[in-house]
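Sequences are here, hints too, so could you generate the full structure?
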Amino acid sequence: MSLDIRPTLSALLRNRTGAVLVAAQVAIALAVLANAAYIVVQRIEKINRPTGIDEQNILVIESEGFTGRFHQTTSVQEDLAYLRGVSGVIAATATNSVPLSDGGDNDSLVTRPDEPRHGYINDIEIDEQGLDTLGVKLVAGRNFRHEEIQPPRTKTDISHFVPVIIVSRELGEYLFPHQNPLGKQVWDVLNHAATIVGVVDPVMGTFPHGDYPGRVFFLPRLPDEFIGVRYLVRTRPGQRDTVARLIEAQLVTSNPDRVINYVRPLTYFKNLSYLGDSSMEIFLLTVTALVIAVTALGVFALATFNVSTRTKQIGTRRAVGARRRDIVRYFLIENGLIMSGGVLTGCALALAAGYWLSVHYALPRLDLYYLVAGVLALWGIGQLAAWQPARRAAAVPPSVATRTV
Amino acid sequence: MFGYYLRLALKSFGRNPGITALMVIAIALGIAVCVMTLTVYHAMSGNPIWWKNDRLYAVTMDNWDPLRRLMPNLDLPPFEMTYKDTQFLLASNIPLRKVVMYSTLGVISGVGTEPPAQVATRVTTADFFAMFEVPFRYGNGWSAGADKPAQPVIVLSRAENDKLFGGANSVGRTLRWNDREFRVIGVLSDWFPRPRYYDLNGSGSFQPPDAAYIPYGWGTDLQLLNQEENDCWRPEKLDTYRDYEASDCVWQQMWVELPDAASRERFQSFMDGYWAEQRHAGRFPRPKDNRLTDVAQWLRDNRVVDNDNRVLVGLAFAFLALCLINTVGLLLAKFLNGAAVTGIRRALGASRRQIFAQLLIEVGLLSVLGALLGLALAALGLIAVHHLYAAAHLGERGGYQELTHFDVVGVVWAVILAVAATLAAGLYPAWRIGRLAPAVYLKSQ
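Chain order of the listed sequences is X and Z. For the first sequence, the residue numbers in our numbering are 1 to 405. For the second sequence, the residue numbers in our numbering are 1 to 445.
Hints may be right or wrong, so weigh each one.
[Unchecked claim] Restricting the straight-line Cα-Cα distance to at most 25 Å, the calculated cross-link-like pairs of lysine-lysine (DSS-like) are: (1) Lys137(X) / Lys184(X); (2) Lys237(Z) / Lys155(X); (3) Lys155(X) / Lys288(Z); (4) Lys46(X) / Lys137(X); (5) Lys84(Z) / Lys288(Z); (6) Lys155(X) / Lys84(Z); (7) Lys84(Z) / Lys148(Z).
[Stated by the list, open to error] Derived coverage of chain X by chain Z (criterion: at least 3 residues anywhere in the stretch with Cβ under 8 Å from a Cβ of chain Z; other residues may be distant): (8) 20-31; (9) 61-72; (10) 114-124; (11) 221-231; (12) 267-280; (13) 302-313.
No wet-lab data here; the hints were simulated from the structure. Note that CB positions come from ideal geometry on N, CA and C, so glycine has one too.
And the structure:
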């Protein structure tokens with residue numbers, strides 16, 4: 001069976017402006033579609049990376065003392081005793097930083113004293129309930145013991161370190177490649193030593209946008225008194241918001257020498273630190289949908305125009321024996337040729353755009369799967385858009401050919 | 001003639017309302033998406049104090065670790081300075097104005113029944129207000145004499161004054177800041193430079209200015225720390241606040257106002273002289289990198305405009321191009337459909353130029369309609385984006401929500417794009433139809 005490509009093509013070439021315009025639209029649409037889809041998928045994957053943290057059920061509270069009567073350690077003990085007694089609370093800890101919030105502390109750890117230091121490593125202060133509060137899993141070693149929790153750093157004692165730490169598996173692997181980090185010693189920026197007693201996995205620290213968000217270690221220490229204390233509270237599923245209202249009412253009045261800056265779900269902090277990514281996603285998806293819609297309209301309009309200007313020719317073909325399906329096929333083949341020209345140009349355009357993005361904006365190079373998927377999707381959508389006009393063409397009765405007007 | 005062509009254009013729209021609507025919508029969508037991204041881009045890339053770009057300089061010195069940069073991906077000294085270096089430079093009389101500062105947190109209490117609440121507070125030398133041209137609603141800032149010994153005076157932002165004193169003139173009233181009595185001496189007018197060029201640390205470049213301002217000397221007296229960004233590298237004794245002030249940790253922000261090139265050169269050599277002296281004493285292990293950076297460069301160094309935004313602007317223009325090509329196709333189809341009418345007009349004596357002018361006016365009218373609809377869509381889109389951001393911030397100010405305000409720039413861009421759209425989409429179809437031989441179209445009827 002012949003596909004009648006040659007006559008269709010030669011007809012196309014005689015009247016090419018409209019076809020070229022539609023092909024150009026298809027090309028731009030493919031470049032946008034493939035690259036946008038690739039970026040969106042990357043952002044979705046980034047936002048959904050495993051954090052090891054029970055994100056949905058954690059509350060963050062910030063308390064800040066502001067009078068001379070305020071005593072940090074006493075206040076933390078009172079608050080933790082209260083929080084741990086609230087029904088619906090699984091565990092609670094005091095900390096200096098909020099996981100996933102894009103703000104926090106760094107230290108640099110080395111495996112021999114006075115070794116040159118190369119990068120910063122995220123650290124989080126917690127107490128013996130810290131791991132349970134976050135929900136992260138210990139894969140080796142042990143948790144902190146109550147008696148290991150160090151007093152807070154104060155303005156007369158800024159630099160004291162801790163005797164033991166718990167590291168993420170990723171950090172252990174970075175510090176001691178192919179070795180078991182348990183029991184090994186590490187040194188902080190001031191060359192204080194600490195022993196690794198536990199390994200957790202998976203876990204994400206406080207800097208989701210860093211190069212190594214999974215390199216993190218935990219310090220058994222109460223948070224310092226320079227900036228407000230944060231409490232993390234893990235509740236039973238579904239009870240987070242009820243518990244939040246209850247503890248906010250209690251903590252706001254329980255100690256006149258401090259203020260409660262906020263009681264907020266951990267998801268608030270996570271959403272805020274990924275706001276750039278999620279809004280990029282929404283914007284790209286919206287524009288891509290518009291691109292597809294406008295392109296489909298363009299295809300539809302050209303096909304409709306072609307049909308309406310060729311009514312007489314269609315009638316003539318029908319009169320000399322062409323069946324309806326031949327007419328439909330003719331228009332679909334014509335449209336298919338235009339779409340093919342468009343997606344071929346579009347492939348080059350998409351690759352060029354992807355290359356340009358990767359060079360100038362440090363985005364990963366366009367994955368070819370997205371291009372193939374984009375080609376198929378656009379081609380399909382283009383043929384669908386031409387379907388209705390082609391059907392209309394087929395409905396032209398042969399008698400039209402015999403009329404003069 | 002223009003009025004007649006306009007009437008003809010409207011008549012022609014009436015002949016194919018569907019295709020006309022499609023073209024207007026395509027132009028409108030393209031313009032709307034461009035105006036939205038350009039509005040945000042413009043707000044992001046603005047220099048809020050451009051008129052002082054040749055006078056205002058951020059001061060930085062590279063005191064960092066010889067083995068690595070503080071910001072490994074950037075070839076720049078740390079954005080903040082050590083306490084001791086700022087104290088030395090602060091003693092210089094070369095700059096017209098000089099500011100050393102940082103943002104800390106304090107709790108304001110003791111005002112009527114208002115519950116105590118934490119506010120971001122800037123600890124700064126007196127020149128801050130004059131140097132950054134901060135407008136006052138009531139009162140004034142403090143004089144340099146109040147910095148040291150530190151006087152208990154405080155300046156409030158307008159929003160903080162509205163909250164505490166119901167917007168009244170509170171100059172002379174007292175309040176407690178971290179449980180210590182301060183007297184209000186000034187209240188700012190609305191002031192929200194975007195980006196917050198003078199301090200880009202902390203949570204993003206579009207945070208609102210601090211709610212309160214206190215004299216610099218309180219930093220040492222009350223042992224206040226920078227709540228946004230502190231970085232240390234040298235293994236050194238850091239047991240007390242005094243150790244911290246003497247350390248190589250960076251946490252102080254410094255700006256100077258140097259009115260001319262001569263003073264600029266003198267201050268640069270003053271810094272370099274200090275650097276050489278300190279290097280001799282064993283500090284500054286890295287190559288000399290003492291910088292005076294103007295605001296425009298400072299914003300670039302701090303990567304205020306992010307890559308995502310640039311990508312979005314590019315995407316928006318790709319989309320506009322697509323919409324315009326679409327319109328060219330539709331216009332051609334429409335004009336060819338009406339070729340018979342054009343043919344009659346040509347046969348009756350209209351010149352090619354007249355046909356061209358008439359068709360171009362038709363396209364221009366389409367573009368104006370598209371631009372108007374596009375502006376409306378862009379305004380709606382920006383409101384939607386604003387709500388998206390504001391919802392994530394739980395109603396607090398700051399972040400990208402501050403960049404989503406529709407402004408004059410958006411309108412100007414819409415006009416430019418509409419003209420460009422007319423030319424891009426209209427020229428070819430109008431030219432092509434004008435060249436058709438009238439006889440062909442008259443005959444086929």
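Status of the hints after comparison with the structure:
1. Lys137(X) / Lys184(X): It holds: about 20 Å lies between the C-alpha atoms, which stays within 25 Å.
2. Lys237(Z) / Lys155(X): 13 Å, holds
3. Lys155(X) / Lys288(Z): 33 Å, violated
4. Lys46(X) / Lys137(X): 21 Å, holds
5. Lys84(Z) / Lys288(Z): With a Cα-Cα distance of about 18 Å, the restraint between Lys84(Z) and Lys288(Z) holds, given a limit of 25 Å.
6. Lys155(X) / Lys84(Z): Cα-Cα ~18 Å, so holds.
7. Lys84(Z) / Lys148(Z): Judged against 25 Å, a Cα distance of about 16 Å means the pair holds.
8. 20-31: holds (count 7)
9. 61-72: holds (count 4)
10. 114-124: This one holds; 4 residues, not fewer than the three required, reach chain Z with a Cβ under 8 Å.
11. 221-231: Contact hint for the segment 221-231 of chain X vs chain Z: holds, 3 residues under 8 Å.
12. 267-280: Three-residue rule met by the segment 267-280 of chain X, so holds; n is 7.
13. 302-313: holds (count 4)
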